[in-house]
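Student: Here's the letter readout for the chains.
Number of protein chains: 2
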Amino acid sequence: MKFTRNGAAIGALALALSNPVAAKPAEGSGVAWEITEGLTTEIGQRLAGSDREAAARDWAVARLKALGFSNIRVEPFTFPGWVRGAEHARLTAPYPHNLAITALGYSAPTPAGGLTGELVYFASLDALKAAPKGSLNGKIAFIDHAMVAAQDGSGYGPYGQARRQGPMIAAAKGAAAVVIRSIGTDLHRNPHTGATGWSDGANPIPAGAVSNPDADLIARIAAHKDRKPMMLSLTLEGRSVGPLPSGNVIAELPGRDPSLPPVLVACHLDSWDLGTGAIDDAAGCGIVTDAALAAQRGGKPLRTIRVLWAGAEEVGVFGGAAYAAAHANEPHAAALESDFGADRVWRVGFDFAAANAPLADRIAAALAPYGIVRKAAKAGGGADIGAISRAQKLAVIDLDQDGTRYFDLHHTPDDTLDKVDPAQLAQNAAVWSEVLKIVANEPGPISGAVN
Amino acid sequence: MKFTRNGAAIGALALALSNPVAAKPAEGSGVAWEITEGLTTEIGQRLAGSDREAAARDWAVARLKALGFSNIRVEPFTFPGWVRGAEHARLTAPYPHNLAITALGYSAPTPAGGLTGELVYFASLDALKAAPKGSLNGKIAFIDHAMVAAQDGSGYGPYGQARRQGPMIAAAKGAAAVVIRSIGTDLHRNPHTGATGWSDGANPIPAGAVSNPDADLIARIAAHKDRKPMMLSLTLEGRSVGPLPSGNVIAELPGRDPSLPPVLVACHLDSWDLGTGAIDDAAGCGIVTDAALAAQRGGKPLRTIRVLWAGAEEVGVFGGAAYAAAHANEPHAAALESDFGADRVWRVGFDFAAANAPLADRIAAALAPYGIVRKAAKAGGGADIGAISRAQKLAVIDLDQDGTRYFDLHHTPDDTLDKVDPAQLAQNAAVWSEVLKIVANEPGPISGAVN
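Protein chains in written order, with my numbering: chain L, 1 to 451; chain S, 452 to 902.
Keep in mind the hints are simulated off the structure, nothing from the lab. Hints should not be assumed to be uniformly reliable.
[Said to hold, decoys possible] Below are the DSS-like pairs computed for lysine-lysine, each with C-alpha atoms no more than 25 Å apart in a straight line:
no.	chain 1	residue 1	chain 2	residue 2
1	L	Lys-393	L	Lys-378
2	L	Lys-65	L	Lys-437
3	L	Lys-225	S	Lys-751
4	L	Lys-139	L	Lys-225
5	L	Lys-139	L	Lys-129
6	L	Lys-65	S	Lys-679
7	L	Lys-437	L	Lys-300
8	S	Lys-580	S	Lys-679
9	S	Lys-580	L	Lys-65
10	L	Lys-228	L	Lys-173
11	S	Lys-516	L	Lys-228
Let's have the full structure, built from the sequences with the hints guiding it.
Tutor: What follows is the structure, encoded as structure tokens:
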């Protein structure tokens, strides 16, 4: 097919130069690919609470049924909704520039006709924190940061605070609005969205992120020797709305012994609305589902494997919370989550009770032929399995993916199928199925560390 | 400075992974960088005919004066203007997707309220050509293509015909509008604009380009086994307007012998409006200007070096035509142009009379230490020097730049300063100055090949 030839041809160069590209693998070569391709093509963006997220649930139920899963159900819940609106930004002084901007989730809307104010540059969140209260009255705070790419994605935690906390801190100092450098590591004019947060009593203000090249421009102007004030005209019409519907899609592959607690494998079905949610997180749903099926080959495992395609993760992990509440009284054997793209698993980590150390050793040994190393730190789990894992002190396994380019794409319009490398996606499914075969055939008790 | 540290840090990874990033070189390290940085920061986009192109001319005159050039003047002209308007596209069937689209230059506007029609997939321009007349009545043609990156940029000629000719061909077959895969080699949601053309008697229709990931999506849907019709809702409000003002900025560094014809070095000052015109073509103006100045070091050359920063190149090389008309009766010694980004010069080519073969050999020998090879084909020159070169059969030298990633960025929002690698930019300026020192000190007649 034409697009395959094209994709493959571009891909050969792109692997060396920019990004891998999707060459469609041979027909039927993998459930992980089929799910990733199908969700991104037939559904596309599926913002939490939208009709597209609802369509994705219907799609998921049909697909899981066709794949032979049992006990398929949707567990509905509601959450505080946020919808996007028009968004644009223009620097009007000292030089006119249109900026590539997107609103952060739970941004307040700008007034009708937009908002104009002086743009005040802060090199970091700490610099903003040091600004005197009231010093930003009527102004727009710009928060820069220095996140760089890392294989373990470790920059996202600290630098991401500019997005998570920055708007609330700027609002407390009187800012009329806040703009941040995208929490991302790419050099494209595609800003990164993501949720911000407001504590009780906070006064939400408009909050957006500009792309890295636009942030570079702002930083250059702020550092100019003839420093002149920057003025920004801002329109961000995204706004919070009332409760919106979402839901978790759950399905099972029953084990030989239904009395044993199941193994829970999770991903999230919702996505941000700028791209098609390929790496975040269609690929994750593809990986866990493919692996659950692959773990059946060579004989049905002892334990049931339960797949959770969670809803409304991006906007606050509401699906994970709903799952934990609904299943609080059911024991689980272990929990794993795939929500860090589609690049290869390079490391494994555990949060296991001391008694389960031999099980961890067996898993690590099974993954060694894949070039997978063991991490010293305790497994962190993931967003959607977090609540149930903490509540039940579950055994947790991290199958860490290579995140070097994850934050080039995360929460941007560029989260599209071409960014998924079929070979690395297949490695994920293979590695996961190795792990599930071991865990789901473990007859004895499995649990997390006591502390 | 903060942004330098950040840029440099991202850059270390980006060089391996995606794109080089600009780490600002030491203060005053190069006129090429200062011009590229200044034009992109203080002017930004400078669409032909816009007030920003006019501001760029003022900026250019001031900068060339500060750099010590003589005979600085603006030679005004007018050309058929085109202005951008609102632009969006939404696939409404078989699956809803917002597409990243931009209008092509000289696109006709869609009617008020937009236009909706069946999107008909053609795998190539040839496939469109084979469609029966009238078969597209009321429909929207989609033209795919298979351009891939190449060091010599050779894909742009043939595959770019989808943009240059495709709309006119689709219109002749009755299409209501046309959408093409961007003429580009990247995988980002940033469509590539560029001019299309209408012959006399053609009926202009709305014409746009979607990004490569969006084109991949359309190709996947078109190739789906349960092929269902695609419906597209399209708004492209860009439109042709009457004559607009532009101008060429010309400046000179006088040689020791004013009776000898000057060496002409050219770039273009206008840019497309989506990015800031860093690689296309602020860098070119930086390179030729830096080199002209550097060629003065060690002694003023025999011949005058004339710098042409042409206007209105992107929309039809109107500046080059105006220059050729205004200077038809002045002899020129040779012409060179820089308009292919900021990556390193890797090859040199000549269009020289047989009598000037020794001069070509001397130039090639001087460039050999830079790893620059000589091309077998005759030099092609460049857009803005094309008319004067043909009219006067000028000697032309091609200093071919590495174009491997040029069409990742060309005509997109991503044409920003971070894409310019200061080390490669400096290599360009150094190579150009070597060449200018030789050519501008050649006492004898210089001319192009007879055929």
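Student: Does each hint fit the structure? Answer for all of them.
Tutor: Going through the hints against the structure:
1. Pair hint Lys-393(L) plus Lys-378(L) holds up; C-alpha atoms about 13 Å apart against a cutoff of 25 Å.
2. For the hint pairing Lys-65(L) with Lys-437(L), the CA-to-CA distance comes to about 22 Å; that is within 25 Å, so the pair holds.
3. Of the supplied pair hints, the one linking Lys-225(L) and Lys-751(S) is violated, its CA atoms being roughly 33 Å apart against a limit of 25 Å.
4. With a C-alpha separation of about 22 Å, the suggested pairing of Lys-139(L) with Lys-225(L) holds against the 25 Å cut-off.
5. The suggested pairing of Lys-139(L) with Lys-129(L) holds, with an alpha-carbon distance near 15 Å, which does not exceed 25 Å.
6. Our distance criterion of 25 Å between C-alpha atoms is met by Lys-65(L) and Lys-679(S), whose separation comes to about 23 Å.
7. Taking the CA atoms of Lys-437(L) and Lys-300(L), the gap is about 9 Å. The hint holds against a cut of 25 Å.
8. Between the alpha carbons of Lys-580(S) and Lys-679(S) the distance comes to roughly 23 Å, so the proposed pair stays at or under 25 Å and holds.
9. Between Lys-580(S) and Lys-65(L) the CA atoms are separated by roughly 44 Å; this puts the pair beyond 25 Å, and the hint is violated.
10. About 23 Å separates the Cα atoms of Lys-228(L) and Lys-173(L), which keeps this hinted pair within 25 Å; it holds.
11. Proximity of Lys-516(S) to Lys-228(L) is assessed by CA-CA distance (about 23 Å); at most 25 Å being required, the pair is judged to hold.
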